[in-house]
Amino acid sequence: MSMKKKVQAGFTLIELMIVVAIIGILAAIALPAYQDYTKRSHVSEGLNLAASLKQAVAEYHADKGQWPASNAEAGVALTASITGNAVKSVGITAGGGGTAPTITITYNTKVENAKTVTMTPTSSAGGTKWNCHQGTVANKYRPAACRTANF
Numbered sequence: 001m002s003m004k005k006k007v008q009a010g011f012t013l014i015e016l017m018i019v020v021a022i023i024g025i026l027a028a029i030a031l032p033a034y035q036d037y038t039k040r041s042h043v044s045e046g047l048n049l050a051a052s053l054k055q056a057v058a059e060y061h062a063d064k065g066q067w068p069a070s071n072a073e074a075g076v077a078l079t080a081s082i083t084g085n086a087v088k089s090v091g092i093t094a095g096g097g098g099t100a101p102t103i104t105i106t107y108n109t110k111v112e113n114a115k116t117v118t119m120t121p122t123s124s125a126g127g128t129k130w131n132c133h134q135g136t137v138a139n140k141y142r143p144a145a146c147r148t149a150n151f
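If you read the sequence shown in full-length UniProt numbering, its first letter stands for residue 1, the second for the next number, and so on.
Since the hints were made in silico from the structure, they are not lab data. Warning: the hint list may mix true and false statements.
To be verified - Using 25 Å as the maximum straight-line C-alpha spacing, the simulated SDA-like pairs for lysine to any residue come out as follows: (1) K64 to S44; (2) K129 to T93; (3) K115 to A138; (4) K115 to L49; (5) K54 to G95; (6) K140 to G84; (7) K115 to G65; (8) K115 to L31; (9) K129 to S44; (10) K129 to S70; (11) K129 to I22; (12) K54 to T120; (13) K115 to T79; (14) K110 to Y60; (15) K54 to G24; (16) K39 to S124; (17) K64 to S124; (18) K54 to M3; (19) K110 to P32; (20) K115 to K64; (21) K129 to T99; (22) K129 to K110; (23) K54 to K115; (24) K54 to L31.
Unchecked claim - Pair by pair, the computed Cβ-Cβ distance ranges are: (25) A51 to M17: 24 to 34 Å; (26) I29 to A69: 21 to 31 Å; (27) G95 to R147: 22 to 32 Å; (28) S70 to G127: 49 to 59 Å; (29) A62 to K140: 29 to 39 Å.
The C-beta atom is built at its ideal place from N, Cα and C for all residues, glycine as well.
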């Protein structure tokens, strides 16, 4: 009677441990990148909500030759009424002394609690340009146009 050797089937413990380690390394790389991506998309939401205010401020300046001092003066919803999934408020703050106002986007905890992006207009012959590289939101969460240039 001869004994037949059994053929091993399946994975060994070492192979399974290597697979688990590789998955852990990939997750450690992917999770922070995904979190940064979601915060960047939330910052973009605030900039999209501010678009109607930008237009209202530019039209007000073109019609009256001066800048509006508030949301009400520009003819848009009140600051606390303009909210979003990650946006606490969007409002116009008077510049004072006839200087340009700022549009301040304040975020909730989905970005960084109470952090802001501020936008300041500059009037030129070609229209109104917006500078959005001020505020307290970290540069890595801002669109490229809001890190160093006009938007």
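Which of the listed hints are broken here? Failing hints, ascending: 1, 7, 11, 14, 15, 16, 18, 20, 22, 24, 25, 26, 28.
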